[in-house]
Amino acid sequence: MNWARDGVNEAARRASGSLLQRVLRVDAPLFGLLALLAGIGVIVLYSAFGNRIDPVQSHLLRLTAGLVLMLGLAQVPPWRLAPLAPWAYAGGLVLLAAVFIAGESGGGARRWLDLGVFGFQPSELMKLALPMMVAWMLSRAPLPITFGRAIVALSLIAAPAAMIGLQPDLGTALLVAAAGLGVVFLAGIGWRIILALGAVVAAATPLLWVFGMQDYQRQRVLTFLDPERDPLGAGYNIIQAQIAIGSGGIFGKGWLNGTQAHLEFIPERHTDFVFAVLAEEFGLLGVIAVVTLYAAIIARALWIAREAQDNFSRLLAGGLALTFFVYTFVNMGMVAGLLPVVGLPLPLISYGGSSIVTLLAGFGILMSIHSHRRMWSA
Amino acid sequence: MSLELLRDRTSERRVVRGRLGVAALIMLLLFTAIVARVGYLQVAQYDYFASRSHDNRVRLAPIDPTRGLIRDRAGRILAENRPAFSLTIIPEQAPDMAVLLDELDRLIDLTDGERDAFMKARQRARSFQEIPLRLQLSEEAVAELTVNRHRFRGVEVKPHLVRHYPYGKTGAHAIGYVGRINQDELRRGDRRRYRSSSFTGKSGVEAFYEERLQGLLGVERIETNALGRPLSVLDREPPTPGEDLQLTLDIELQRIAEAALGDYRGAIVALDPRTGGILALASQPGFDPNALASGLDREAFRALSNDATQPLFNRAIRGRYPPGSIVKPFLALAGAADGLIDPDETIFCNGRFNLPNVSRTWRDWKPEGHGHVDFIQSVAQSCDIYYYELAHEFGIDRLHEWMTRFGYGSDTGVDLPGERTGIMPSREWKRQNLGEPWYTGETINTGIGQGFTLATPIQLATSTAMIANRGQPVRPHLLATADAAPATIEPLDTIENALWDITVESMVEVVHGPRGTARAIGEGLDYRIAGKTGTAQVIGIGQDEEYDEDELDQRFHDHALFAAFAPVASPRIALAVLVENGGSGSTTAAPIAREVIQAWLSTTR
Chain A
1 MNWARDGVNE
11 AARRASGSLL
21 QRVLRVDAPL
31 FGLLALLAGI
41 GVIVLYSAFG
51 NRIDPVQSHL
61 LRLTAGLVLM
71 LGLAQVPPWR
81 LAPLAPWAYA
91 GGLVLLAAVF
101 IAGESGGGAR
111 RWLDLGVFGF
121 QPSELMKLAL
131 PMMVAWMLSR
141 APLPITFGRA
151 IVALSLIAAP
161 AAMIGLQPDL
171 GTALLVAAAG
181 LGVVFLAGIG
191 WRIILALGAV
201 VAAATPLLWV
211 FGMQDYQRQR
221 VLTFLDPERD
231 PLGAGYNIIQ
241 AQIAIGSGGI
251 FGKGWLNGTQ
261 AHLEFIPERH
271 TDFVFAVLAE
281 EFGLLGVIAV
291 VTLYAAIIAR
301 ALWIAREAQD
311 NFSRLLAGGL
321 ALTFFVYTFV
331 NMGMVAGLLP
341 VVGLPLPLIS
351 YGGSSIVTLL
361 AGFGILMSIH
371 SHRRMWSA
Chain B
1 MSLELLRDRT
11 SERRVVRGRL
21 GVAALIMLLL
31 FTAIVARVGY
41 LQVAQYDYFA
51 SRSHDNRVRL
61 APIDPTRGLI
71 RDRAGRILAE
81 NRPAFSLTII
91 PEQAPDMAVL
101 LDELDRLIDL
111 TDGERDAFMK
121 ARQRARSFQE
131 IPLRLQLSEE
141 AVAELTVNRH
151 RFRGVEVKPH
161 LVRHYPYGKT
171 GAHAIGYVGR
181 INQDELRRGD
191 RRRYRSSSFT
201 GKSGVEAFYE
211 ERLQGLLGVE
221 RIETNALGRP
231 LSVLDREPPT
241 PGEDLQLTLD
251 IELQRIAEAA
261 LGDYRGAIVA
271 LDPRTGGILA
281 LASQPGFDPN
291 ALASGLDREA
301 FRALSNDATQ
311 PLFNRAIRGR
321 YPPGSIVKPF
331 LALAGAADGL
341 IDPDETIFCN
351 GRFNLPNVSR
361 TWRDWKPEGH
371 GHVDFIQSVA
381 QSCDIYYYEL
391 AHEFGIDRLH
401 EWMTRFGYGS
411 DTGVDLPGER
421 TGIMPSREWK
431 RQNLGEPWYT
441 GETINTGIGQ
451 GFTLATPIQL
461 ATSTAMIANR
471 GQPVRPHLLA
481 TADAAPATIE
491 PLDTIENALW
501 DITVESMVEV
511 VHGPRGTARA
521 IGEGLDYRIA
531 GKTGTAQVIG
541 IGQDEEYDED
551 ELDQRFHDHA
561 LFAAFAPVAS
571 PRIALAVLVE
581 NGGSGSTTAA
591 PIAREVIQAW
601 LSTTR
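Chains as they are written, first to last, in the numbering used here: chain A, 1 to 378; chain B, 1 to 605.
Keep in mind the hints are simulated off the structure, nothing from the lab. Errors might be hidden in some of the hints.
What the simulated footprint calls covered on chain A by chain B, stretch by stretch (three residues with Cβ under 8 Å from a Cβ of chain B suffice, anywhere in the stretch; the number is not a length) [unchecked claim]:
(1) 35-42
(2) 294-301
(3) 326-336
From the three backbone atoms N, C-alpha and C, an ideal C-beta is built for every residue, glycine too.
All chains, please: the whole structure from these sequences, using the hints.
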């Protein structure tokens with residue numbers, strides 16, 4: 001390959017944008033949108049925590065850690081990142097296996113590795129490593145993807161997704177699989193294969209119901225279909241979340257005034273169900289604003305993918321954009337009662353977890369892809 | 001490297017860009033779906049969810065009104081509300097009810113009755129409603145529970161008011177008592193007044209004037225969190241307290257009347273003949289209303305209701321007894337008014353009476369007879385023969401008509417629940433109730449207040465007051481403001497005054513005459529009493545009943561009766577005394593009446 005590192009001319013340097021972009025490798029529009037969203041998140045969380053500032057501070061600390069990782073990854077040009085993909089993927093698999101052997105259990109599931117100083121979820125690494133791996137593998141041959149490579153890609157996806165699903169962490173497994181499948185989709189897999197895969201999934205659903213799901217997961221699906229069948233048990237979350245959303249109306253009850261949130265009717269109101277707090281206090285207008293913000297971030301990420309200058313970057317950027325979307329959509333869908341409850345946080349707003357760090361790391365990669373273009377022409 | 005150069009990078013880029021476009025479109029659609037869904041919840045379903053959110057956090061807590069006080073005629077408090085601490089449990093807040101009850105049992109010793117009552121109440125209450133376990137905690141129990149509060153989630157120790165009757169058993173049948181409302185009363189009752197833990201009057205004045213005493217519930221709108229913990233009171237509608245009531249009853253006279261009855265079973269009704277205001281209304285044996293009002297447990301209540309002497313039975317208004325000779329002055333008056341007898345004319349009483357063509361002989365209570373008796377002496381000596389003849393001349397139809405005018409066989413309309421109507425038999429009554437024609441012999445028995453005739457003590461007192469008033473009927477009542485309430489019977493203003501005078505004189509002769517049946521009580525009085533003794537045969541003991549000899553003897557004793565008013569010149573008290581199995585009216589009932597009359601007239605002169 002001919003990396004044109006030295007042949008950067010003056011025109012290209014001018015075209016590459018502002019100081020921020022040239023020196024810090026930061027994409028200003030994306031950074032601005034993310035900062036806005038995180039800011040809204042902090043405001044909503046403060047209310048969701050019942051006006052307590054302590055947890056909000058620790059949330060800010062995590063955002064800062066994510067910011068540092070984002071800036072760090074933004075410095076790594078895609079051509080340095082691409083060769084790391086197989087290693088990251090292999091390492092991720094090893095760590096996932098280690099979770100089974102030596103993982104810390106929390107809430108009935110083994111997800112954590114205790115590294116002494118902090119807990120670490122290998123599934124978080126996989127959220128980035130898998131799309132990188134698939135994008136790397138697919139970019140080594142001409143697109144559109146061939147049938148054979150599609151099989152290889154699906155195997156690459158199935159392995160970590162299954163391991164995470166068995167932890168069990170259905171939400172993350174879904175997300176990791178979506179990241180990989182998104183890349184395969186962008187690589188131009190044939191519509192016929194997509195239809196066939198859809199048919200296989202539809203056919204496998206009953207089998208999954210019987211053999212592949214834990215009891216609590218089945219409960220969640222049943223409850224989703226009819227929350228009122230167990231209004232004080234499994235359906236409670238869904239019902240209370242919908243009461244919170246519906247009672248928000250168009251203009252909302254006002255910041256810090258959400259009765260459902262402040263009187264603790266919404267469970268997990270600062271984590272998975274924070275969207276209900278947002279909808280209750282800021283109403284339909286607030287929801288539209290936030291959804292628009294998410295859409296803008298995704299649009300910017302898609303634009304970065306479109307403008308990327310090689311297939312690895314294109315596929316990876318697009319895959320990350322799709323992952324971010326799935327994240328957002330599944331969370332909002334479940335809180336609004338469109339999807340069954342799967343444990344996924346609302347990206348960049350929900351409190352806690354390593355997810356926020358991983359998400360920002362992903363945006364670091366996107367920024368790197370955008371800020372390093374033109375210097376990486378074929 | 002050469003392979004790299006052969007790749008059609010433009011077409012590859014087109015592939016990815018195409019897919020990016022498709023993905024963007026799908027994502028836009030799905031985001032639109034989210035917004036549409038949220039919009040549906042927040043706009044179309046807003047009202048529904050807004051009210052559910054409101055119901056979620058707002059709990060209505062009823063506030064019991066303060067029950068009205070009951071005072072006697074002198075303003076002495078007969079029923080009041082005292083602070084007490086109760087133990088209540090909110091089931092939904094208790095993590096494990098069985099464990100909780102066991103732990104409470106260790107601390108304050110629960111009875112089985114308390115547990116039963118609690119479990120029953122729990123079934124009909126909703127899980128967030130507090131259910132009482134014990135209404136009156138001892139001070140030690142309050143202290144123990146307060147110290148151990150953290151161990152008992154869902155348990156509340158709350159101050160509240162308990163009905164208290166300062167005079168205890170005295171006057172219990174008149175005043176009545178309150179008890180926890182039952183399911184039936186709750187269903188029928190006014191929802192603005194009662195909730196499942198309310199108390200309601202169960203007998204006496206407490207029950208009759210329930211609506212006025214109870215007041216209206218207030219309500220507090222309380223904001224609660226998801227655990228049901230009250231956070232703040234949003235607003236409060238205060239309860240409307242019940243009305244205080246003043247009675248005509250004199251609790252001191254009541255105490256004297258009950259003491260005068262001693263250990264006898266029986267009843268006394270004393271009233272002011274001018275107004276019908278009841279001065280004393282006693283029924284023995286009685287009960288302690290405080291035990292009932294404080295939520296006496298089931299077993300103790302069952303023991304009271306199953307007691308053979310029926311302490312909960314209000315004999316004064318529900319006990320029906322043959323009035324016996326009490327009816328004599330009424331009949332003599334009626335006979336004179338109808339011209340059947342001349343008050344001065346005498347008949348000869350030889351102790352026996354026969355009807356033509358009837359083999360049966362009716363005997364006087366005095367086997368040898370009373371000799372020559374006129375109106376006055378027939379009452380004074382209680383000559384049966386005089387009344388056998390009078391009744392025979394009347395015939396049952398006119399006899400019935402006259403006695404009904406005096407209130408026999410009618411309600412008095414007293415302001416107490418459960419008054420029973422006596423019986424003044426007639427042809428029609430017998431046909432309807434026994435399906436038999438009337439026999440002439442039965443008229444003879446009716447003439448001395450026996451046979452089918454039954455009267456309640458309150459009716460006897462009320463009819464006696466009518467004589468004291470010379471034909472003006474009164475409606476007996478306990479509520480002081482009910483003095484003007486109309487009687488249930490019409491005034492008797494067609495009888496000339498002279499006949500009333502003779503009737504009163506004949507009753508005076510009973511107490512003060514040399515041959516009066518109650519002359520023993522007439523001595524040493526500085527006023528005169530008009531009275532009439534009665535002795536009613538105990539009837540209706542079933543052949544198949546089993547009892548030991550002593551019991552049998554006792555239960556065959558006659559009921560003793562005495563009806564009177566005093567002072568004769570201007571009557572201020574009219575009363576009826578009934579002593580079950582007391583023997584004769586003159587020896588048992590009359591002295592009791594004298595005590596009551598004496599007590600009343602000496603304090604109100």
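Just to make sure I understand the rule, a stretch counts as covered if three or more of its residues have a C-beta closer than 8 Å to a C-beta of the chain. Does the stretch 35-42 of chain A meet that for chain B?
violated (count 0)
Coverage assertion for the stretch 326-336 of chain A with respect to chain B, Cβ distance below 8 Å, three residues required
The restraint on the stretch 326-336 of chain A holds, since 4 of its residues have a Cβ under 8 Å from chain B and three suffice.
Taking a Cβ-to-Cβ distance below 8 Å as contact, does the stretch 294-301 of chain A have at least three residues touching chain B?
Coverage by chain B holds for the stretch 294-301 of chain A (4 residues, Cβ < 8 Å).
Taken one by one, the earlier hints fail for this structure only at number 1.
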